[in-house]
Every structure is written in structure tokens, then in C-alpha cells.
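Student: Residues per chain are reported as follows:
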Amino acid sequence: GAVVSQHPSRVICKSGTSVKIECRSLDFQATTMFWYRQFPKQSLMLMATSNEGSKATYEQGVEKDKFLINHASLTLSTLTVTSAHPEDSSFYICSAKSRASINEAFFGQGTRLTVV
Amino acid sequence: QKEVEQNSGPLSVPEGAIASLNCTYSDRGSQSFFWYRQYSGKSPELIMSIYSNGDKEDGRFTAQLNKASQYVSLLIRDSQPSDSATYLCAVISSGSARQLTFGSGTQLTVLP
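Listed in order, the protein sequences are those of chains A and B.
When you line the first sequence up against the numbering used here, it's residues 1 to 116, in that order.
When you line the second sequence up against the numbering used here, it's residues 1 to 112, in that order.
In case anyone wonders, no lab produced these hints; they're calculated from the structure.
Incorrect hints may have been included.
As the list claims (entries may be wrong) - Calculated pairs, DSS-like style, for lysine-lysine (alpha carbon to alpha carbon, straight line, at most 25 Å):
no.: 1; chain 1: A; residue 1: K14; chain 2: A; residue 2: K55
no.: 2; chain 1: A; residue 1: K55; chain 2: A; residue 2: K41
no.: 3; chain 1: A; residue 1: K20; chain 2: A; residue 2: K55
no.: 4; chain 1: B; residue 1: K42; chain 2: A; residue 2: K14
no.: 5; chain 1: B; residue 1: K56; chain 2: A; residue 2: K41
no.: 6; chain 1: B; residue 1: K42; chain 2: A; residue 2: K20
no.: 7; chain 1: A; residue 1: K20; chain 2: A; residue 2: K64
no.: 8; chain 1: A; residue 1: K64; chain 2: A; residue 2: K14
no.: 9; chain 1: A; residue 1: K20; chain 2: A; residue 2: K66
With the hints as constraints, model all of the structure from the sequences given.
Tutor: Okay, structure coming up:
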């Protein structure tokens, strides 16, 4: 199956700093990438959808100025959590789809963010 | 609002038994349905996808879809302790974004 690599797997940062998470499709071109957030004991909540070369579409309640998404190439999307606060501590997961995979999306390994 | 609902569990079954996981969805126009398994601290991994009414079998797993009842289920036969995980039902909505909407997940424990 297709491989999506997400980095870093864990990050601890100080409150007020910014953190960048990378999501790469290793063996296919990801025309669409999705960013999810998962709090403990809860399901995945979609934050935003990004298509290569265009601005991300954010879900209701997700601050686009706080969670900056860049999908500049067909193999890379980044999520930057700006001015992080402890309540942003969560498990962030990306997934990617190619033009050929109409239905199936492939998930990255996830990033555990802890803001102290 | 488009929703996917699952019994949160936890569900416990003895080793070798059949585990039955259920899911309902509200968007009648949904066409694609998925079951993911998620181990603690890991990202979801796809187990089954199903697109048409009826049963679909893959090894010990059987997915069942009933679009009229807006119901999808996952059966795990001969359950193993390694099957212990949270199982997420996911649906692709009928909107143009074709994004996955996840249920809250059912925690399954298979007791040795």
C-alpha cells in the first residue's frame, strides 16, 4: 500500500512557541491531504482539507490563523501550530489521497504534541 | 449534520469468540464505508472497506452494509488478544469534498 510519512512522531514545546509537522507521501502524488486532531478517548476530528497548490479548507471552529497549512507540492503538506498553548496538546494525524484513489486515504503515523 | 455513531463500549469478548461492532450513519447519500483499527498511541489502519449492500469477507473479518437501515457492522471471528484495540467506523459523505467522517470508536478487549 501507499506510504505516508509524518514527522516528528513526538514533540514537546513551550507555550507560545510554534511547531511544524510534516506529512509526506513517499510513493504517490497526494492531490488531497487531510489533517485531523484526536484528543484522548475521542475520535478523529477533521481540522482541514488541502489540495495541492490551493488554500486549505478549514472545518468550522478551527482557527486558520493558528493552524497554518501549506500544501506546496504533491508530496508534502505541513501543519504549523502557531503560538501553541497547553490546550493544543493532542495527537495530530495527516492522511493523503491521490487522484487515483477515489475512496481510500492513507494515514501518517501521527504526531503527539505536548505543550508545556 | 452528518454523523457517524458507534457504541463506545468497552466491549469484552473471550479469545476465540465473535466480536460484533456496530455503526449507524445519518447521511443517506453516503456511498463508501470503512472500518479502521487503532492501537493506543498509533494512527488508524484500514481493515475493511465496503461500498454495496451485503457482506464482504476478508479473512477473519466480515463487514456488513445495509444502506436502507443506514447501518454498517464489523464481525471479527476467532477473536485474538492482538485484536484488542479501538475500532473506528468511517463514512465518506455525499458532499464534494469526499472526506472521511469518523465515529467515536468502540474499544474492544479480547480476553485470553
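Student: Determine for every hint whether it applies to the structure shown.
Tutor: Verification of the supplied hints:
no., hint, result
1, A/K14 x A/K55, "violated, 28 Å"
2, A/K55 x A/K41, "violated, 31 Å"
3, A/K20 x A/K55, "holds, 17 Å"
4, B/K42 x A/K14, "holds, 24 Å"
5, B/K56 x A/K41, "violated, 29 Å"
6, B/K42 x A/K20, "holds, 19 Å"
7, A/K20 x A/K64, "holds, 14 Å"
8, A/K64 x A/K14, "holds, 21 Å"
9, A/K20 x A/K66, "holds, 12 Å"
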